[in-house]
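When the letters of the sequence shown are read in order and numbered with the numbering used here, they come out as residues 1 to 140.
Calculated from the structure, these hints are not laboratory results.
Be aware that one or more of the hints could be misleading.
What follows is a set of in silico ranges between Cβ atoms, one per label pair, in the way DEER data are often shown [claimed, not checked]:
hint, residue 1, residue 2, range
1, K37, G67, 33 to 41 angstroms
2, T112, K37, 30 to 38 angstroms
3, Q26, G57, 34 to 42 angstroms
4, N98, E64, 27 to 35 angstroms
5, Q26, S113, 24 to 32 angstroms
6, G30, M83, 25 to 33 angstroms
7, F23, I60, 26 to 34 angstroms
8, T112, A33, 34 to 42 angstroms
9, S113, G75, 29 to 37 angstroms
10, R63, Q26, 23 to 31 angstroms
11, M99, E64, 31 to 39 angstroms
12, S34, R63, 13 to 21 angstroms
Keep in mind the model is a prediction, meaning the values are calculated, not measured.
Even glycine gets a Cβ: it sits at the ideal position worked out from N, Cα and C.
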Amino acid sequence: MTATTTPEQSGGVPAREISISEFGAQKAQGILASSGKENAGVRVFIKSGGCSGYQYGMAIDDRELEGDLIVVDRGVKLLVDRMSLPLLRGSEVDFVENMMGGGFTVNNPNATSACGCGSSFRTDGSQSPDGEGSGGCSSH
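I would like the entire structure built from these sequences, with the hints used as guidance.
Have a look at this one:
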């Protein structure tokens, strides 16, 4: 069963499963429009690895998988698999630009520590899954 939510539920109270910033939505809409995939969204997921234990991943995806949480926020469909959701709950996808360029980032209230590169994190100071995560920021 696929769960679908919208940003506002139960009397106008914003749902905080996952959201996207206004600037992130603008960037994502442009990328999705040029992807050539009809009804595509941004899949946000977690994988083991990175120097802090977990790494964020994002991809354009036109598939809705069994167990996915699907949130439409600011006109962008966000898809999160059931294994990643507990680690992403309450997060906001954003787009940041700096002197090194620009890219999507995840502002995650569940992360208790993060790597300097910003793409890996830990939630509770425990060992990373499967003994991974001892490499640097670029380890995959």
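Exercise for the section: Against the earlier hints, flag every one the structure doesn't satisfy and list their numbers going up. Expected result: Failing hints, ascending: 1, 3 and 7.
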